[in-house]
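So the protein sequences, as listed, match chains A and B.
Mapping the first sequence onto numbering that gives the first Met the number 0, position 30 (from 1) lands on 29, and the numbers just tick up by one.
Mapping the second sequence onto numbering that gives the first Met the number 0, position 212 (from 1) lands on 211, and the numbers just tick up by one.
What the hints contain is simulated information worked out from the structure, not anything from laboratory work.
All of these numbers come straight from a predicted model, not from anything done at the bench.
Certain hints may be false.
Said to hold, decoys possible - Below, a list of computed lysine-lysine pairs in the DSS-like style, where the Cα atoms sit at most 27 Å apart: (1) B:160 with B:262; (2) B:161 with B:23; (3) B:160 with B:23; (4) B:315 with A:74; (5) A:74 with B:161; (6) B:262 with B:252; (7) B:236 with B:252; (8) B:45 with B:296; (9) B:75 with A:74; (10) B:201 with B:262; (11) B:161 with B:11; (12) B:167 with B:296; (13) A:74 with B:160; (14) B:260 with B:236; (15) B:75 with B:46; (16) B:167 with B:265; (17) B:23 with A:74; (18) A:74 with B:11; (19) B:296 with B:285; (20) B:260 with B:160; (21) B:296 with A:74; (22) B:46 with A:74; (23) A:74 with B:45; (24) A:149 with A:15; (25) B:11 with B:315; (26) B:46 with B:315; (27) B:285 with B:167.
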Amino acid sequence: MLEIHDLLNRLEAELKRIIIERQLTDPLMIGIRTGGVWIAEQMHERLNISEPLGLLDISFYRDDFSQIGVNPNVKPSQLPPQIEGRNIILIDDVFYTGRTIRAALNEIFDYGRPNQVVLAVLIERDGRQIPLCPDCAGASITLTAGQRIKLTGPEPLAIHLQTLDAAA
Amino acid sequence: MTDNLQLNSEGKLKHFLTIEGLNKSLLTEILDIAESFIGMNDQQIKKVPLLRGKTIVNLFFENSTRTRTTFELAAKRLSADVLSMSISTSSTSKGESLLDTIRNLEAMFVDMFVVRHGISGAAHFIAQQTAPHISVINAGDGQHAHPTQAMLDIFTIRQIKKDFANLKVAIIGDILHSRVARSQIQALNILGAAEIRVIAPKTLLPSHVESLGVNVSHNLTAGLKDIDVIIMLRLQKERMSSALLPSESEYFKCFGLTEDKLKIAKPDAIVMHPGPINRGVEIDSKVADGPQSVILKQVSNGIAIRMAIMAMAMQKQGVM
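Required output: the full structure, derived from the provided sequences and hints.
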């Protein structure tokens, strides 16, 4: 069963491990809108990072613009002016196809050239479509056909495992 | 004239020709998306990949500096390939018709035309005639409309004043010949501005101007009272010859915005001008360069608003 507090605890422990392992000194944490920001806010507080959380909106970097157009709810990204040489912890809620992360990396690199980027997600699920994967996750799961994960939040933060129409 | 031509079957923007016929939610969507493009100015690489591989042609049959360059920059920041054509230097001067020019450019696989033309309705005409996959943006047609200028003005107003509901806006000067004023009035009315006041000599106002949804004043001193936003229009000097006005200095005395007259408006009023400015004709330099002036902010905002409009018009257009 997916229990949000267990997942957050697990992710926190994983992040602490990777910060040491990868020597992420003075890390900059960035959350991907919307769900990723909710998770990042939690981790930002738990890890006691003093620098404000960076917010990334990948709408302008998506690869499906020609199919779905501009997201009318796009918000400005808020990253510090100095990305160059930084150690970045990038946070998202669910890792699925990898396309969101591809877009996020492209956007981050348009702000500057970081030293390292590590990817932490609350849940890694199956269904990867490009050769990217998270460095740490609160859980890794395999879903059956028609199942999907949805995060709601920010207060209260909750995970829902939904089963779509059986015919799907 | 309603321009359903501007919207596709799903109600999304296909062409951007006039403010007329667009609703509040679409205008707000343009403003919101533009707001996010402003954030891009923090990027080291000021580019997003939205329009990679698209070709945009700036088709300028009339002179322009600000509009053409900001359209060009906007397209480049969206990663499109841009071609800027000043038509006086091209084939039309050799007698090629407008439609032939369009057909030839279509044959070069372009995706969008940004059109400025001295004749009202030119952009509309091109939108009707061009291939179905091509979008057309009006960058000013005759005395009809200049909708992207109006949108960047509205965007600048919203940035500073936040809300239109209690806003009193004065538009001052040559309303009669101004495509900018016409588009501004439409946009402000759609967004629900509390009052739009046009201030001008009788000779520079269209007949039945009240029917546009504005109040009219012929006196700058009286008209500026309680105003939150002052929009000055360029006095088109070519009008002077047509005997609509006695002289530039006379005009400045009656309708030029000076520091003293600015004090009549609300203390936090902002001063706008679509450019180019005639210093000492419609506006005093001290006001144009003063702390209440947002004229250069308008120019910067022109890039973001044009990015938003071009990106929206280029999204997938339903089932062809």
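TODO: Mind listing which of the numbered hints don't hold for this structure, in increasing order?
DONE: Going through the list in order, the structure violates no hint and respects every one.
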